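Student: Residue numbers (UniProt numbering), protein chains in the order written: chain R, 1 to 494; chain V, 1 to 468.
No lab work stands behind these hints, which were simulated from the structure alone. Since we're looking at a predicted model, the values are computed, not measured. A couple of the hints might just be wrong.
To be verified - With a straight-line Cα cutoff of 27 angstroms, these simulated BS3-like cross-link-like pairs (lysine-lysine) come out:
| id | chain 1 | residue 1 | chain 2 | residue 2 |
| --- | --- | --- | --- | --- |
| 1 | R | K326 | R | K153 |
| 2 | R | K122 | V | K210 |
| 3 | R | K117 | V | K134 |
What the hints assert, rightly or not - Derived CB-CB ranges, DEER-like:
| id | chain 1 | residue 1 | chain 2 | residue 2 | range |
| --- | --- | --- | --- | --- | --- |
| 4 | R | R254 | V | A288 | 36 to 44 angstroms |
| 5 | V | T424 | R | V76 | 38 to 46 angstroms |
| 6 | R | V46 | V | L336 | 52 to 60 angstroms |
| 7 | V | G195 | R | V66 | 33 to 41 angstroms |
The beta-carbon is built from N, C-alpha and C at its ideal position, and this holds for glycine as well.
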Amino acid sequence: MSKKTKNKSVNVNNLDKNEKSKTTKDSSKFKIVFGVFAKIISYLFVIKALFTIYCIYLVYVSLTNVPDLPKVDVNVRWGVDNNTHDTRIRPYRVIFSDAMESEIRALFEDYRLMERKIKSFKNTAWTYGVHSDAFAQFFSHWIFKYKFRERVKFLNKYDHFLTNIQGLDIHFVRVKPKADKNVKVVPLLLLHGWPGSVREFYEAIPLLTTPRPDYDFVFEVIAPSLPGFVFSEAPTRPGLDTYEMAIIMRNLMRRLGYTQYYIQGGDFGHMIGSHIATIFPSEVLGFHTNFPVNTSKLSLLTWLLGGLLWPSYFGNGIEDRMYPLKDKMEFYLEETGYSHLQSTKPDTIGIVLTDSPVALGSYILDRFMIFTNHTNKFEDEGGIDKYYDFDKLLDNIMLYWVSGSITTSLRIYKETFAGSRLNNLAQVPTSVPTWALRLKYELFQHPDYMLRWKYTNLLGSTNLDYGGHFAAFERPKDFSDDVFKAVKAFRNFK
Amino acid sequence: MGGLFGLVITSCLTIELLASQNTEPAYKLDPNAWWGPECTKYHNDTSIRPFEIVFHDKMIADLRYRLNNHRKPVPPLEGIGFEYGFNSNILDGWLRFWAEEYPFKEREIFLNKYPQYVTNIQGLDIHFIKYRQKAYAHQEIVPLLILHGWPGSVREFYETIPHLTSVNKSRDFAVEVIAPTLPGFGYSDAAVRPGLGMHEIAVVFSNLMKRLGYKKYYVQGGDWGAFIGSSIATSFPNEVLGYHTNLGLSLTQKALSLTLFGSLFPSPVVDPALADRTDLLSGHIRDAMITEFGYMHIQATKPDTLGIAMTDSPGGLLAYFLQLISTGTRSYFLNLEDGGIDKYYTRDQLLDNIMMYWAPKSITTSFRIYAESLNRRTLALGISEIPTPVPTITIHASDEIAYQSPLLLRTKFTNLLYTTNIDTGGHFLALEMPILFANDVLNAIAEFRNWHAKGGHGNGELLPNNNG
Numbered sequence: 001m002s003k004k005t006k007n008k009s010v011n012v013n014n015l016d017k018n019e020k021s022k023t024t025k026d027s028s029k030f031k032i033v034f035g036v037f038a039k040i041i042s043y044l045f046v047i048k049a050l051f052t053i054y055c056i057y058l059v060y061v062s063l064t065n066v067p068d069l070p071k072v073d074v075n076v077r078w079g080v081d082n083n084t085h086d087t088r089i090r091p092y093r094v095i096f097s098d099a100m101e102s103e104i105r106a107l108f109e110d111y112r113l114m115e116r117k118i119k120s121f122k123n124t125a126w127t128y129g130v131h132s133d134a135f136a137q138f139f140s141h142w143i144f145k146y147k148f149r150e151r152v153k154f155l156n157k158y159d160h161f162l163t164n165i166q167g168l169d170i171h172f173v174r175v176k177p178k179a180d181k182n183v184k185v186v187p188l189l190l191l192h193g194w195p196g197s198v199r200e201f202y203e204a205i206p207l208l209t210t211p212r213p214d215y216d217f218v219f220e221v222i223a224p225s226l227p228g229f230v231f232s233e234a235p236t237r238p239g240l241d242t243y244e245m246a247i248i249m250r251n252l253m254r255r256l257g258y259t260q261y262y263i264q265g266g267d268f269g270h271m272i273g274s275h276i277a278t279i280f281p282s283e284v285l286g287f288h289t290n291f292p293v294n295t296s297k298l299s300l301l302t303w304l305l306g307g308l309l310w311p312s313y314f315g316n317g318i319e320d321r322m323y324p325l326k327d328k329m330e331f332y333l334e335e336t337g338y339s340h341l342q343s344t345k346p347d348t349i350g351i352v353l354t355d356s357p358v359a360l361g362s363y364i365l366d367r368f369m370i371f372t373n374h375t376n377k378f379e380d381e382g383g384i385d386k387y388y389d390f391d392k393l394l395d396n397i398m399l400y401w402v403s404g405s406i407t408t409s410l411r412i413y414k415e416t417f418a419g420s421r422l423n424n425l426a427q428v429p430t431s432v433p434t435w436a437l438r439l440k441y442e443l444f445q446h447p448d449y450m451l452r453w454k455y456t457n458l459l460g461s462t463n464l465d466y467g468g469h470f471a472a473f474e475r476p477k478d479f480s481d482d483v484f485k486a487v488k489a490f491r492n493f494k
Numbered sequence: 001m002g003g004l005f006g007l008v009i010t011s012c013l014t015i016e017l018l019a020s021q022n023t024e025p026a027y028k029l030d031p032n033a034w035w036g037p038e039c040t041k042y043h044n045d046t047s048i049r050p051f052e053i054v055f056h057d058k059m060i061a062d063l064r065y066r067l068n069n070h071r072k073p074v075p076p077l078e079g080i081g082f083e084y085g086f087n088s089n090i091l092d093g094w095l096r097f098w099a100e101e102y103p104f105k106e107r108e109i110f111l112n113k114y115p116q117y118v119t120n121i122q123g124l125d126i127h128f129i130k131y132r133q134k135a136y137a138h139q140e141i142v143p144l145l146i147l148h149g150w151p152g153s154v155r156e157f158y159e160t161i162p163h164l165t166s167v168n169k170s171r172d173f174a175v176e177v178i179a180p181t182l183p184g185f186g187y188s189d190a191a192v193r194p195g196l197g198m199h200e201i202a203v204v205f206s207n208l209m210k211r212l213g214y215k216k217y218y219v220q221g222g223d224w225g226a227f228i229g230s231s232i233a234t235s236f237p238n239e240v241l242g243y244h245t246n247l248g249l250s251l252t253q254k255a256l257s258l259t260l261f262g263s264l265f266p267s268p269v270v271d272p273a274l275a276d277r278t279d280l281l282s283g284h285i286r287d288a289m290i291t292e293f294g295y296m297h298i299q300a301t302k303p304d305t306l307g308i309a310m311t312d313s314p315g316g317l318l319a320y321f322l323q324l325i326s327t328g329t330r331s332y333f334l335n336l337e338d339g340g341i342d343k344y345y346t347r348d349q350l351l352d353n354i355m356m357y358w359a360p361k362s363i364t365t366s367f368r369i370y371a372e373s374l375n376r377r378t379l380a381l382g383i384s385e386i387p388t389p390v391p392t393i394t395i396h397a398s399d400e401i402a403y404q405s406p407l408l409l410r411t412k413f414t415n416l417l418y419t420t421n422i423d424t425g426g427h428f429l430a431l432e433m434p435i436l437f438a439n440d441v442l443n444a445i446a447e448f449r450n451w452h453a454k455g456g457h458g459n460g461e462l463l464p465n466n467n468g
């Protein structure tokens, strides 16, 4: 165990090293030591003042220092087999097999017939988590109304593929736009997060791939599954954090023939997109994010101090979403339990969620409803009937279930938040043109000036008075409209 | 991994703490709170009914079916022990053991070896063991209320009870053990409305002891049992003859300040040899708190979400519990592929404990103790701030999850008679070291009796440290 070295001019530990302290003499020893310390400090005012200035300087340098871009290895291998270099792009289909359906129905029955299911307290809405009554409704739909055969057809309405990048089979959906000679086709990489998937983009994709008046371009969409999620292979050794995922996604685009492209990201997709824009700025034509945050220490400090000193000034137009500080702190404390658990023990909770569809459903449903609108916590139904129909929510859950990928998807939390490189790129700015979309109930939001410390060419932002964390999933039209608007600005920016 | 996450969590907690500074408690403890259905309030049944644990055939069949048909877990990453949580390589072995080798009927008989009862306190049927051995004529029978925690149960005490209740001619007392199951755990009823936190549970247990005819008694507690025991000693000081704990913690603001100060300047605050057990700033303790307390965070905020999940998967429940028991026993078990789980416990012991959650389906309601206790309402009761003059004795195992020096403990326990530091042992001390545990408790009771015989006035003067 290593002790931090202290830069203090007086080290109290050295002072009393020669005195053997007995616990029975604690309080008097304490007084002597403290007294001596206080006396010496009071005599050293000048030294104190200089020392303070030096500390402030160190803090300033630490907060504003722009580290060099770390060396990037674009050929890191992640798979089991280090020798295969398969560059084929192989067609893929989502399959809901009969065996899978029988198994899950048997598991449904086990739960349904269980004696003594615990009931949640009355009149507490979702303040203890998913309410048993609301869950029963959701579960009932899953058993009796969710049509596996129809849903898998729906999931296959777009073309799916697998291709091997750095040893891992990466799954993606690729949708070409409807042909129109007058309209330029530009590639758009859509990056999802947790507990999302490519399913989040299904309603937005037709809107993104259809030409629209006032726009001389249209998108070809590439929506991959992050490594370890759904049908993308997971690594077999630790270390695949968002930084490495950025490299994989960039290599994916190169595999598909794109040396320049636009990126859209939310949740982890924002972090990965941001890393790509920082590490490979010449390849990214523009970056659109619906999770606009700056994760640097300076931003965190500004947010905290701003909240204490002058929220309306530091909030710069979105202070109602950043403050009051106390409310925000309470909110984060209350809502980050899942993240705390997944960032530290992903494999433990993974075992639970792999073993039971009810477990998986309950866990994911909880996050979808609270991240869409945290006031759902005070609704008896938790808002489950308000934003998404059950089939949509279940499609997403089924993708995790049939692929057995929940455990490997959870590991992104540990790799990222418990990894050593969480904030390496936070203080490295990128000049890639950027656009921020802020929906009202998004969990973290930073104002434009703060974003510009990182995204120096933030061309603009859109603030919506509704909507939550899953922008594409909940508001496909607003989402698509804003992506078009942003890319138009990117194209005009030279 | 201090980092951003740790900083944010620490800031949140600090601001929460500072924001909750009230001089007047916003809430008060209701000694007659009713936790059962309203309609039962007026048919108050005060009978004490014998109770037997039964493992029904149907339950066993369903459990074995689930275990034998569990979904294959994803293998762990290369070179990993328990750093990512329960290592799934050992899951199949454990589940096969549980399904095929764990002798349900034999264990049921074993679990019933001590006389058990149920009695209704404040609307809740509380399950408890009550047991003593035949004493000599000259010996006084002293009641000892012994309290378990989470994810424990009364099963933790089965190996230590014979020693606790052993009759020794040279002692002037013999112990009668009363080991209740916490409300919402095991075979004790769960509250049907919110509000049953650790201080409210303390009231329930004080009433339990009254129901059993004890005006005064000793209290022993670990984990939640330690907090509940401390609460009983604070709220009912005239009932508690002495409080022994293997997780001595003062939650006063003074203790918190001293801890922070002690992180910078250890020697006035804590014995230098034990300084690293309390140092919050060096990274070691802070990191351990962050890496190990995820379960606490989610159970305190979303108990029902997790409960739905855990109720449906016995394999998941086992992985969840055994991961905690692993790291709670020895911190170095984190790096072992098998989590070191078989080192100090038998599989039957640990499965007995898990059965106390699975069989009565009390997982969800057991999680709720976190949500009901780690909240502003509990903080606002201010009971943790109030010192207690009840004579207290603590034992500190080397791998216990938290440590406070006598200086800190005395901010809460003004008559801390002595502390014992051992260089072995973990969080589940009674289960892991039943004889050492029992001896320490018996010595403590002897010391409490001496203290009372001498007039029972303490001035906080600490007896010489016991280092065993």
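Student: Next step is simple, just say for each hint if it's right about the structure.
Tutor: Tested hints:
no.	hint	result
1	K326/R - K153/R	violated (47 angstroms)
2	K122/R - K210/V	violated (31 angstroms)
3	K117/R - K134/V	violated (43 angstroms)
4	R254/R - A288/V: 36 to 44 angstroms	holds (43 angstroms)
5	T424/V - V76/R: 38 to 46 angstroms	holds (43 angstroms)
6	V46/R - L336/V: 52 to 60 angstroms	holds (55 angstroms)
7	G195/V - V66/R: 33 to 41 angstroms	violated (53 angstroms)
Consistency note: the structure conflicts with the earlier hints numbered 1, 2, 3, 7.
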